[in-house]
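Chains as they are written, first to last, in this note's numbering: chain A, 1 to 161; chain B, 1 to 566.
Warning: the hint list may mix true and false statements.
[What the hints assert, rightly or not] Once the Cα atoms are required to be at most 25 Å apart in a straight line, the calculated SDA-like pairs of lysine to any residue come out as:
1) A:72 / B:178
2) B:309 / A:94
3) A:66 / B:225
4) A:62 / B:543
5) B:309 / A:102
6) B:543 / B:282
7) A:66 / B:231
8) A:51 / B:303
9) B:294 / B:556
10) A:66 / B:303
11) A:62 / B:282
12) A:62 / B:245
13) B:312 / A:22
14) A:72 / B:181
15) A:62 / B:281
16) B:178 / A:63
17) A:62 / B:364
18) B:195 / B:310
19) B:231 / B:245
It is worth saying that the hints were derived from the structure and are not from the lab.
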Amino acid sequence: MKHTLSVLLQNKPGVLSRVTGLFSGRGFNIESLCVAETLDPTVSCMTVVSKGDVGVIEQITKQLHKLIDVIKVTDLSDVPFVEREMVLLRVKAEASTRAEVLRVIDIFRGKVVDVSARSYAIEVTGSASKIEAVIDILRPIGIKEIVRTGVITMARASKNK
Amino acid sequence: MAKITGAEAVVRCLQEEGVKIIFGYPGGAVIDLYDALMDCDITNVLVRHEQAAVHAADGFARVTGEVGVALLTSGPGATNGVTGIATAYCDSIPMVVLTGQVPRALIGNDAFQEVDIVGITRPCTKHNYLVGNLDDLVPTLREAFHVARSGRPGPVLVDLPKDLIASRLTFPDKAPVKMANYQPNYKPHPVQVEKACRKMIEARQPVLYVGGGVILSDASRELTELALSLKIPVTMTLMGLGAFPGTHQLSMGMLGMHGTYTANMAVAESDLLIAVGARFDDRVTGKLSDFATKAEIIHIDIDPTSISKNVKVDVPIVADCKNALRAINSWYASHSEIDLAAAATRLEPWYRQIDQWKERHPLSYTDDPEIIKPQYVVEELCRQTGGEAIISTEVGQNQMWAAQFYTFNHPRHWLTSGGLGTMGYGLPAAIGAQMAFPGRTVIDIAGDGSIQMNIQELATARQYHCPVKVAILNNNYLGMVRQWQELFYDRRYASTTMDIIPDFVDLARAFGAVGLRATRRSEVEPVIREALATDNVVLMDFKIEKEEGVYPMVPAGKATTEMLLV
Ligand SMILES: Cc1ncc(C[n+]2csc(CCOP(=O)(O)OP(=O)(O)O)c2C)c(N)n1
Ligand SMILES: [Mg+2]
Chain A
1 MKHTLSVLLQ NKPGVLSRVT GLFSGRGFNI ESLCVAETLD PTVSCMTVVS
51 KGDVGVIEQI TKQLHKLIDV IKVTDLSDVP FVEREMVLLR VKAEASTRAE
101 VLRVIDIFRG KVVDVSARSY AIEVTGSASK IEAVIDILRP IGIKEIVRTG
151 VITMARASKN K
Chain B
1 MAKITGAEAV VRCLQEEGVK IIFGYPGGAV IDLYDALMDC DITNVLVRHE
51 QAAVHAADGF ARVTGEVGVA LLTSGPGATN GVTGIATAYC DSIPMVVLTG
101 QVPRALIGND AFQEVDIVGI TRPCTKHNYL VGNLDDLVPT LREAFHVARS
151 GRPGPVLVDL PKDLIASRLT FPDKAPVKMA NYQPNYKPHP VQVEKACRKM
201 IEARQPVLYV GGGVILSDAS RELTELALSL KIPVTMTLMG LGAFPGTHQL
251 SMGMLGMHGT YTANMAVAES DLLIAVGARF DDRVTGKLSD FATKAEIIHI
301 DIDPTSISKN VKVDVPIVAD CKNALRAINS WYASHSEIDL AAAATRLEPW
351 YRQIDQWKER HPLSYTDDPE IIKPQYVVEE LCRQTGGEAI ISTEVGQNQM
401 WAAQFYTFNH PRHWLTSGGL GTMGYGLPAA IGAQMAFPGR TVIDIAGDGS
451 IQMNIQELAT ARQYHCPVKV AILNNNYLGM VRQWQELFYD RRYASTTMDI
501 IPDFVDLARA FGAVGLRATR RSEVEPVIRE ALATDNVVLM DFKIEKEEGV
551 YPMVPAGKAT TEMLLV
């Protein structure tokens, strides 16, 4: 099962390697990982997507929590949350397929961010499954290059907030 | 306030923490620190190899319960210490390791004797720091001691760049360490405590499974009180030996791979396993799917990651062992309507079963009138010291025979590398223990292979008048590996024989220590007597039965009930 963990940590040198070292050292898997500063510049927020059964995810959560520099760990599987990822794609755009590519981008509310004679660079934002979908559809047309950011998330506000 | 150097500030921090003895080895990056140490009341024990400095600090910490301190230079000094740090980490020993680092301006430039020791030790320290700003120096050191000794203890490394140690600063006033994101949970949840208490008086075949956590939290008294008032049989892990008196009727001895028949059978048959400060290590559980299948499990541990890691737990209690046991004991005290003595009568059939196991397969060996059996040597050491000595061990068969045949009645008398199994641990650990308690008898029960790993420390022992005794159970083999080869590799003794080993008696003399040898059983008793009466370092070379095995033995991966017996 895929789990998305949101981790608040001290924004200090070496903290990222403590986290990744923990994952590699204990054989936990990382599907994607995103990290950046929060409003408070001394604190970073990391979103980790990992796979494992309930026991494994529980161990990951506890082990993360045990790191001295980790402030808070939330398993987003337990709460409603919004998830976004961005992908940059370079897609073949020959005369015969240009229109088709634009149509697909439009459906996925993507943007063309760079154009050349033979290709478009496209930006699409959405949930991880939307990103998968756009990739699947464009693959037969010809994807030359792909860069994904990994997932970032935010828990939904409870109704009375 | 007058400014002092960074090095002087480090010394002052050590004094603030009550440190009197540290273990270390100098070098370019820490000259300033050693210079500052000359003008204070802290003794630096100058070892002969940095690994030994860390093991000695570890031994010191295990016998005293205080934070052990080691001081190493940058580069090779620091890397030599890594095995010691990992050893302490695996056994949760409170320790602060100070390492020198190249000046800040050179870090990352492959400077002379530069290594990224913070990177190297990240997975084998509880936490570590590279001090980057002068203002952080004192707060970091205070934090390091706090982290090392609180919660589940462990080694903390602080890397100190040379230029920073040479700079001047104003020593900040003592302030309590505040760490918002590090707050170990010491107090047990009362609901969980009550649940556990009710289960313990209902169980018909309960077993207390006691680990090193009880020693670390100084909870022996509370544990003993619980076991005695509920009359629950006790088994201890390798790390837990001494937490409960080994000579008591309720003690079943050690469990696990080389545990007693009784302890392993009792765990297998138990209907309630009460794990206290233990972590269900594979050497204890054997084949996981067959471990304690009939039991509900209560698990007391301060580290939440230990709970339900290997074995699913029914009643978890995340707390300091001492606090949890106190809460449990006082729950019974406040429920005086429960007659514990009367309740214990329900356990009569369980005791009868346990007595049967003890009778059928006690720990035993086949003694010999001529040849020295290692078990006999350990028994004789135990007899002549009244079971009161501080015992350290090396690793291998010697370690297991020591665990099986020396009977411990007190905590903090047993120093062994349980988690990492580090050969070469015993002698430096014994020195650390002897530095802490100069008047006590400290014995390293050693193997001929392991002792060669840190034999150079005989010089340290001599220099600091530590009259440690080393009892080498000399089988001329890397015996434990040989035993596996005998049992599982068709007796192919690949690389487990050392054709050349030193003459240990001559070797002892070369260090100015005393060397004694016994080659026949009748010589064992007088050799030990003479060693114990000698106010010097003594190396005893016991030429034992070469192919003696450690039994019982649970083959790796097998259920703990599938023991090979003598
Ligand atoms: C540093 C280190 N290297 C290798 C091992 C693997 N090992 C475990 S026991 C053992 C044999 C130890 O031989 P010796 O000290 O003579 O003890 P004996 O088993 O013969 O009593 C070895 C090589 C280890 N535990 N530690
Ligand atoms: Mg040997």
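Hints, one by one, checked against the model:
no.: 1; hint: A:72 / B:178; result: holds, 17 Å
no.: 2; hint: B:309 / A:94; result: violated, 56 Å
no.: 3; hint: A:66 / B:225; result: violated, 31 Å
no.: 4; hint: A:62 / B:543; result: violated, 49 Å
no.: 5; hint: B:309 / A:102; result: violated, 51 Å
no.: 6; hint: B:543 / B:282; result: violated, 32 Å
no.: 7; hint: A:66 / B:231; result: violated, 36 Å
no.: 8; hint: A:51 / B:303; result: holds, 24 Å
no.: 9; hint: B:294 / B:556; result: holds, 22 Å
no.: 10; hint: A:66 / B:303; result: holds, 8 Å
no.: 11; hint: A:62 / B:282; result: holds, 20 Å
no.: 12; hint: A:62 / B:245; result: violated, 34 Å
no.: 13; hint: B:312 / A:22; result: holds, 22 Å
no.: 14; hint: A:72 / B:181; result: holds, 8 Å
no.: 15; hint: A:62 / B:281; result: holds, 18 Å
no.: 16; hint: B:178 / A:63; result: holds, 22 Å
no.: 17; hint: A:62 / B:364; result: violated, 42 Å
no.: 18; hint: B:195 / B:310; result: holds, 22 Å
no.: 19; hint: B:231 / B:245; result: holds, 14 Å
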